[in-house]
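Novice: From first to last, the protein sequence lines are chains A and B.
The first sequence maps to residues 1 to 276 in UniProt numbering.
The second sequence maps to residues 1 to 335 in UniProt numbering.
Don't read these hints as lab results, they were simulated from the structure.
Note that this is a predicted model, so its numbers are computed, not measured.
Think of the CB as a built atom: it goes at the ideal place given N, C-alpha and C, for glycine as much as any other residue.
Some hints here could point you the wrong way.
To be verified - Computed spacing ranges between beta-carbons, pair by pair: (1) B:Asn66 / A:Thr105: 49 to 55 Å; (2) A:Gly182 / B:Asn122: 32 to 38 Å; (3) A:Leu134 / B:Val16: 40 to 46 Å; (4) B:Arg112 / A:Val267: 57 to 63 Å; (5) B:Asp128 / A:Ile194: 17 to 23 Å.
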Amino acid sequence: MARMATTRRVMISTAAAWLFGFLIFFPILWMGLASFKTELEAFAIPPSFLFFHWTTENYATVQERSDYLHHAMNSIIIAGGSTLIALLIAIPAAWSMAFSPTKRTKDILLWMLSTKMMPPVGVLVPIYLIYKSLGLLDSRIGLVFILCLGNLPIVIWMLFTYFKEIPRDILEAARMDGATIGRELVYVLTPMAIPGLASTLLLNLILAWNEAFWTLNLSTSSAAPLTTFIASYSSPEGLFWAKLSAASTLAIAPILVLGWFSQKQLVRGLTFGAVK
Amino acid sequence: MGQITLQGVQKSFGPVHIIKGADLEIADGSFVVFVGPSGCGKTTLLRLIAGLEDVSGGKILIDGKNVVDTPPAKRGLSMVFQSYALYPHMSVRGNIGFGLKMAGLPKDEINRKVEAAAATLNLTPYLDRKPRELSGGQRQRVAIGRAIVREPKAFLFDEPLSNLDAALRVQMRIEVTRLQKQLGTTAIYVTHDQVEAMTMADKIVVLNGGKIEQYGSPLELYERPANLFVAGFIGSPKMNFVTGEPALQKGAATIGVRPEHLKIERDGGGGWQGTIAVAEHLGSDTFLYVDAGALGMLTARYIGELSLHGGDRVSLMPDPARIHRFDESGNALRG
Ligand SMILES: Nc1ncnc2c1ncn2[C@@H]1O[C@H](COP(=O)(O)OP(=O)(O)OP(=O)(O)O)[C@@H](O)[C@H]1O
Ligand SMILES: [Mg+2]
Numbered sequence: 001m002a003r004m005a006t007t008r009r010v011m012i013s014t015a016a017a018w019l020f021g022f023l024i025f026f027p028i029l030w031m032g033l034a035s036f037k038t039e040l041e042a043f044a045i046p047p048s049f050l051f052f053h054w055t056t057e058n059y060a061t062v063q064e065r066s067d068y069l070h071h072a073m074n075s076i077i078i079a080g081g082s083t084l085i086a087l088l089i090a091i092p093a094a095w096s097m098a099f100s101p102t103k104r105t106k107d108i109l110l111w112m113l114s115t116k117m118m119p120p121v122g123v124l125v126p127i128y129l130i131y132k133s134l135g136l137l138d139s140r141i142g143l144v145f146i147l148c149l150g151n152l153p154i155v156i157w158m159l160f161t162y163f164k165e166i167p168r169d170i171l172e173a174a175r176m177d178g179a180t181i182g183r184e185l186v187y188v189l190t191p192m193a194i195p196g197l198a199s200t201l202l203l204n205l206i207l208a209w210n211e212a213f214w215t216l217n218l219s220t221s222s223a224a225p226l227t228t229f230i231a232s233y234s235s236p237e238g239l240f241w242a243k244l245s246a247a248s249t250l251a252i253a254p255i256l257v258l259g260w261f262s263q264k265q266l267v268r269g270l271t272f273g274a275v276k
Numbered sequence: 001m002g003q004i005t006l007q008g009v010q011k012s013f014g015p016v017h018i019i020k021g022a023d024l025e026i027a028d029g030s031f032v033v034f035v036g037p038s039g040c041g042k043t044t045l046l047r048l049i050a051g052l053e054d055v056s057g058g059k060i061l062i063d064g065k066n067v068v069d070t071p072p073a074k075r076g077l078s079m080v081f082q083s084y085a086l087y088p089h090m091s092v093r094g095n096i097g098f099g100l101k102m103a104g105l106p107k108d109e110i111n112r113k114v115e116a117a118a119a120t121l122n123l124t125p126y127l128d129r130k131p132r133e134l135s136g137g138q139r140q141r142v143a144i145g146r147a148i149v150r151e152p153k154a155f156l157f158d159e160p161l162s163n164l165d166a167a168l169r170v171q172m173r174i175e176v177t178r179l180q181k182q183l184g185t186t187a188i189y190v191t192h193d194q195v196e197a198m199t200m201a202d203k204i205v206v207l208n209g210g211k212i213e214q215y216g217s218p219l220e221l222y223e224r225p226a227n228l229f230v231a232g233f234i235g236s237p238k239m240n241f242v243t244g245e246p247a248l249q250k251g252a253a254t255i256g257v258r259p260e261h262l263k264i265e266r267d268g269g270g271g272w273q274g275t276i277a278v279a280e281h282l283g284s285d286t287f288l289y290v291d292a293g294a295l296g297m298l299t300a301r302y303i304g305e306l307s308l309h310g311g312d313r314v315s316l317m318p319d320p321a322r323i324h325r326f327d328e329s330g331n332a333l334r335g
């Protein structure tokens, strides 16, 4: 009896998991399909699922009208640059908070996180004006800077939780074994911290890649990443569903591939080190 | 050489005094066990000696040299942690050899020493495995290997066997003692298991509430406990304490008799009368828990099998030569 109940439960939860997975994936699938339709078929009612006239003309048009590679390059520079700089600042910060905490450490961490609770639109005007007078509007440096600052609290939090997980005993064992701080760092801490660093890096890359608020507001063309590239297809002249879909598919493809190949690290990253 | 001397060592964490002035002489080559109830400061004292914690007062001398300002690595001690604290990303070989690598020894010498240590500890087949691919006992041996390979002045052990199952614990207990005797290296061993303390130690330090209650050989502690605390802590089952009339007769506030020093007779004899509440028959021993009325519960131990059962009346006769006497403040009275 008990066994049958468990197999049935497993079957039900498997089915539910697939259903939810499909529900979440469906918009992306639909977008992918729409990118191969003609503009007319893209919003035909009833919609056709697979039996339509497959075409790649949208991709050709999109590439012709706006330079995909240019935007993709910007995305790579902005996401990669902001992530690297954030890590450079966050590693020592999280390190010292995890390994030599003071009475105020918890407060500082909470304060950092609280900055993420403010809606960014609240500071849009001042930031815009500052950027304008500094000449940072539509510049890659400006976007790297703002995304880096925006994600820094999360990066520090994640690294802090990972570093906290490294048992103190092991560091003390290294000290007893005669390792100096520098060698402790190279031989013991860094290798143990690599999984945590990797998931933080991946998650932050994705967050920065998908960031749309600041990139849309602070860039127009020369520094514009893929988010702007997508947005340019929902224009006042009307919505071009098929082309919008083609642009979006192109924009998310790199990060989708990256995410696919680093699933394990990502899941670890998303659970914030709670599950071992 | 590995002679360790503590002089008035104190430690406080903020306003809380944890170690309240410890004086201790540990002779070169001896096996000293720190024992005491949980939270009494055993680990703290060991970490002070290791240098992982700074003293708040007093001196720690290793071979006559004050080391309180010397970093852990330079004290020439090695430590085995309760959690083993192996480097998870290194092989057994890497773990054992790490200290030698840090000391800058040439590769072939490291290899030779690591292999010798591994052979002593029966770890040779596992040299290229990672710690997660080892059993608890094997991990423990790697941790010990890491300690011995550096040929330190002294080993520091913090409850190294407490994560092992009972059978393995006994086996490792013997192995550690044998290894220490063979190497002749001073060892300080922390445990809260008094059987471990009694069986392994040359000398035992009984700690309670951050104070050293007594320092002596296992038999000294058993035969001449300095106070009520040591008397109650050393020995299993625990010593019986009796206050009131029988104690006054002996000119003491409390008298103590170990369960094995109570002669058990069927009802009617002299001595202390009582009813057996529980009788435990182990074959090799019989333990009787006797309700002795005004005297409270008494434990008696008989070597061998004794066919008495719950509800039987017995009389317990303390061996007069084995009665321990204590004054009001709990200190032992001699003579
Ligand atoms: N870093 C610290 N900060 C504050 N108090 C501490 C610190 N380390 C230990 N203590 C306190 O010091 C006391 C002694 O701790 P210690 O770890 O030495 O006990 P122990 O004898 O090893 O106990 P156990 O047998 O449970 O391991 C405890 O009350 C503990 O709470
Ligand atoms: Mg302890």
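Novice: State for each hint whether it applies.
Specialist: Hint check results:
no.: 1; hint: B:Asn66 / A:Thr105: 49 to 55 Å; result: violated, 34 Å
no.: 2; hint: A:Gly182 / B:Asn122: 32 to 38 Å; result: holds, 35 Å
no.: 3; hint: A:Leu134 / B:Val16: 40 to 46 Å; result: violated, 53 Å
no.: 4; hint: B:Arg112 / A:Val267: 57 to 63 Å; result: violated, 44 Å
no.: 5; hint: B:Asp128 / A:Ile194: 17 to 23 Å; result: holds, 21 Å
The structure fails to meet hints 1, 3 and 4 from the earlier list, while all remaining hints are met.
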